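> One line per chain: the protein sequences are A and B, in this order.
Letter by letter, the first sequence follows residues 1 to 256 of this note's numbering.
Letter by letter, the second sequence follows residues 257 to 520 of this note's numbering.
Hints listed in this document are in silico derivations from the structure and should not be mistaken for laboratory results.
There could be a bad hint or two in this list.
[Stated by the list, open to error] Straight line, CA to CA, 20 Å or less: simulated SDA-like cross-link-like pairs of lysine to any residue:
{"id": "1", "chain 1": "A", "residue 1": "90", "chain 2": "B", "residue 2": "313"}
{"id": "2", "chain 1": "A", "residue 1": "126", "chain 2": "B", "residue 2": "407"}
{"id": "3", "chain 1": "A", "residue 1": "122", "chain 2": "B", "residue 2": "398"}
{"id": "4", "chain 1": "A", "residue 1": "83", "chain 2": "B", "residue 2": "490"}
{"id": "5", "chain 1": "A", "residue 1": "83", "chain 2": "B", "residue 2": "311"}
{"id": "6", "chain 1": "B", "residue 1": "321", "chain 2": "A", "residue 2": "196"}
{"id": "7", "chain 1": "A", "residue 1": "90", "chain 2": "B", "residue 2": "410"}
{"id": "8", "chain 1": "B", "residue 1": "321", "chain 2": "A", "residue 2": "64"}
{"id": "9", "chain 1": "A", "residue 1": "122", "chain 2": "B", "residue 2": "443"}
{"id": "10", "chain 1": "A", "residue 1": "83", "chain 2": "B", "residue 2": "340"}
{"id": "11", "chain 1": "A", "residue 1": "126", "chain 2": "B", "residue 2": "321"}
{"id": "12", "chain 1": "A", "residue 1": "126", "chain 2": "B", "residue 2": "317"}
{"id": "13", "chain 1": "A", "residue 1": "83", "chain 2": "B", "residue 2": "313"}
{"id": "14", "chain 1": "A", "residue 1": "83", "chain 2": "B", "residue 2": "317"}
{"id": "15", "chain 1": "A", "residue 1": "83", "chain 2": "B", "residue 2": "406"}
{"id": "16", "chain 1": "A", "residue 1": "90", "chain 2": "B", "residue 2": "406"}
{"id": "17", "chain 1": "B", "residue 1": "321", "chain 2": "A", "residue 2": "122"}
{"id": "18", "chain 1": "B", "residue 1": "321", "chain 2": "A", "residue 2": "85"}
{"id": "19", "chain 1": "B", "residue 1": "490", "chain 2": "A", "residue 2": "90"}
{"id": "20", "chain 1": "B", "residue 1": "321", "chain 2": "A", "residue 2": "79"}
{"id": "21", "chain 1": "A", "residue 1": "83", "chain 2": "B", "residue 2": "318"}
{"id": "22", "chain 1": "A", "residue 1": "122", "chain 2": "B", "residue 2": "311"}
{"id": "23", "chain 1": "B", "residue 1": "321", "chain 2": "A", "residue 2": "232"}
Every value quoted in this text rests on a predicted model; they were computed, and no experiment measured them.
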Amino acid sequence: MDNKVFAIEPQQILKIKNLVKYFGKREILKDISFDVFQGDVICIIGASGSGKSTMLRCINMLEIPTSGEIIHDERNVVEEQDKLTLYRTKVGMVFQQFNLFNNMSVLENCMVGLVKVLQQDKAKAKQTALHFLDKVGMAQYINAKPHQLSGGQKQRVAIARALAIQPQVLLMDEPTSALDTQMVGEVLAVMRELAKEGLTMLIVTHEIAFAREVASRIIYVEDGVIVEDDTPDVIFNHPKDARTKAFLSRVTTGLA
Amino acid sequence: MTSAMPVTFFGWVYFLLQQYGVLFVKGALVTLLLAVGGTIIGCVIGLFVGILQTIPINPKDGLVKRGFYRCIRAILAAYVELFRGTPMIVQAMVVYYGSMQVYNIDMSPLLAGFIVVSVNTGAYMAETVRGGIISIDVGQKEAAKAIGMNHFQIMSCVILPQALRNIMPQIGNNLIINIKDTSVLNVISVTELYFLSKSAAGAYYRYFEVFFITCAIYFIMTFAVSRFLLWIEKRMDGPDNYSLVAHDLLADPCGPFTPKKGEK
Numbered sequence: 001m002d003n004k005v006f007a008i009e010p011q012q013i014l015k016i017k018n019l020v021k022y023f024g025k026r027e028i029l030k031d032i033s034f035d036v037f038q039g040d041v042i043c044i045i046g047a048s049g050s051g052k053s054t055m056l057r058c059i060n061m062l063e064i065p066t067s068g069e070i071i072h073d074e075r076n077v078v079e080e081q082d083k084l085t086l087y088r089t090k091v092g093m094v095f096q097q098f099n100l101f102n103n104m105s106v107l108e109n110c111m112v113g114l115v116k117v118l119q120q121d122k123a124k125a126k127q128t129a130l131h132f133l134d135k136v137g138m139a140q141y142i143n144a145k146p147h148q149l150s151g152g153q154k155q156r157v158a159i160a161r162a163l164a165i166q167p168q169v170l171l172m173d174e175p176t177s178a179l180d181t182q183m184v185g186e187v188l189a190v191m192r193e194l195a196k197e198g199l200t201m202l203i204v205t206h207e208i209a210f211a212r213e214v215a216s217r218i219i220y221v222e223d224g225v226i227v228e229d230d231t232p233d234v235i236f237n238h239p240k241d242a243r244t245k246a247f248l249s250r251v252t253t254g255l256a
Numbered sequence: 257m258t259s260a261m262p263v264t265f266f267g268w269v270y271f272l273l274q275q276y277g278v279l280f281v282k283g284a285l286v287t288l289l290l291a292v293g294g295t296i297i298g299c300v301i302g303l304f305v306g307i308l309q310t311i312p313i314n315p316k317d318g319l320v321k322r323g324f325y326r327c328i329r330a331i332l333a334a335y336v337e338l339f340r341g342t343p344m345i346v347q348a349m350v351v352y353y354g355s356m357q358v359y360n361i362d363m364s365p366l367l368a369g370f371i372v373v374s375v376n377t378g379a380y381m382a383e384t385v386r387g388g389i390i391s392i393d394v395g396q397k398e399a400a401k402a403i404g405m406n407h408f409q410i411m412s413c414v415i416l417p418q419a420l421r422n423i424m425p426q427i428g429n430n431l432i433i434n435i436k437d438t439s440v441l442n443v444i445s446v447t448e449l450y451f452l453s454k455s456a457a458g459a460y461y462r463y464f465e466v467f468f469i470t471c472a473i474y475f476i477m478t479f480a481v482s483r484f485l486l487w488i489e490k491r492m493d494g495p496d497n498y499s500l501v502a503h504d505l506l507a508d509p510c511g512p513f514t515p516k517k518g519e520k
């Protein structure tokens, strides 16, 4: 074997194997498999109700998969649930509805994970939190409470909160869907910046133009199945599957 | 002391206040002690019960662990139903005389009363706390989970501080109810306000005048408490405004986002 090949191969962060999720009798995810490598920016696209969000929530174990494996650090997370809190510090999550902690200031929102979960001392945690708040342009607002911020600001804080615990991969569940167009811009700008810095991200999004620009890979999901998993160039310019083609033409005409 | 007995209503009130003022104050203090102490302990009990009842049962947990949680839930549900479903006056009799007869524990009436009020309030508070916990939108809980917090941390850092704020009016209700309802503890001779009033009234057979005074004292206590709780609620809400921090915190003016002009 040629060792050089291994040397340049990016590190695998997650391996998702045959993931299946039922809600009651409804099968939402049917046999989902894909890998996430260091530096990947994967945009997951698909129609509403196709199972994109469920897929992301399963990866963070917010929904417990019915069957299948999620391999992280050579461990199957689905089986070893007692190590779940540790796993979740490696896999950050940003939600559509921001879900900031309303009883804490912006700074406390970003510090609480470091202090309580990673048990850092407060001074160090504050420094880390400030660093990431500055990155998302919210360092000025550290004393504000969530209800005093606009939607875009809240989402930027939520991103800083997720980044503060320095996860290996950041999952984003429709981070701009609850925002109006002006605020979408500011959040996308932050995400673009993070992608440039090489942060590994898994983004469920309806922002097709953004996905096309930033993603290193696009996963198209329909009815709980991964239809195509390829580079943006292939997906957008020469999709192999008729379903992908049909979805993209629907979406792009909708946008025009 | 006047040798002649008073003739008017207010004359009697004045006379009784002079005669029994200390007694009224003592009774009021015991009532307050029982009500405030009982409510605080009741809240603590309610918090624990509420937290334990909302521990999620994961279907993938082992049979023993799930059985254990279910067992705890059943016991707590029984506690809540039993103490909400029987009158406090009867509970007082059962606890006071029962402990003496069955376990040979000779506790003071005050201690027995204290236990009854606490446990009774705990049963109500358990449901209130449970309501407060489920009123906090599930997203914050998920966000807390997503940064690796465990159930206890999620509860203590995120959910309970908000739930407590939301149930403050109900805690106030409970405290006010307790100030009034500790009067039933006179059946086990707890020397609270009602009990002492009764003995004061008996001395001169002036029931109306004495209980007029008692009534006023109860009202002063409940009114003061209700205002005090409103003030606490306001304090919990914190200030309406916040101050911006100078932007050169980390001396990086060209981060991805320099705030726009006019943006606060």
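> Given the proposed pairing of residue 90(A) with residue 313(B), does the C-alpha separation stay at or below 20 Å?
Judged against 20 Å, a Cα distance of about 24 Å means the pair is violated.
> Mind checking the alpha carbons of residue 83(A) and residue 317(B) for me, to see if they're no more than 20 Å apart?
13 Å, holds
> For residue 122(A) and residue 311(B), compute the direct alpha-carbon distance and say whether it is at most 20 Å.
Status violated; Cα separation ~29 Å.
> Would you check the hint for residue 126(A) and residue 407(B), treating anything up to 20 Å between C-alpha atoms as holding?
24 Å, violated
> Need the status of pair residue 90(A), residue 410(B): alpha-carbon distance at most 20 Å?
18 Å, holds
> Taken at face value, is the distance from the CA of residue 79(A) to the CA of residue 321(B) at most 20 Å?
Between residue 321(B) and residue 79(A) the Cα gap is close to 16 Å, so the pair holds against 20 Å.
> Would the hint linking residue 321(B) and residue 232(A) be met if the CA-CA limit is 20 Å?
47 Å, violated
> Decide if the proposed pair is consistent with the structure: residue 321(B) and residue 196(A), CA atoms, cutoff 20 Å inclusive.
Roughly 46 Å between the alpha carbons, so the hint for residue 321(B) and residue 196(A) is violated.
> Tell me if the straight-line CA distance from residue 83(A) to residue 318(B) falls inside 20 Å.
With Cα atoms ~15 Å apart, residue 83(A) and residue 318(B) stay inside 20 Å; holds.
> Check the hint pairing residue 83(A) with residue 311(B) against an upper bound of 20 Å on the C-alpha distance.
Measuring from Cα to Cα gives roughly 18 Å; hence the hint holds.
> Taking 20 Å as the top limit, are the C-alpha atoms of residue 122(A) and residue 443(B) close enough?
54 Å, violated
> Between residue 122(A) and residue 398(B), does the CA-CA distance stay at or below 20 Å?
24 Å, violated
Checked against the numbered hints above, the structure breaks hints 1, 2, 3, 4, 6, 9, 10, 11, 12, 17, 19, 22 and 23 and satisfies the rest.
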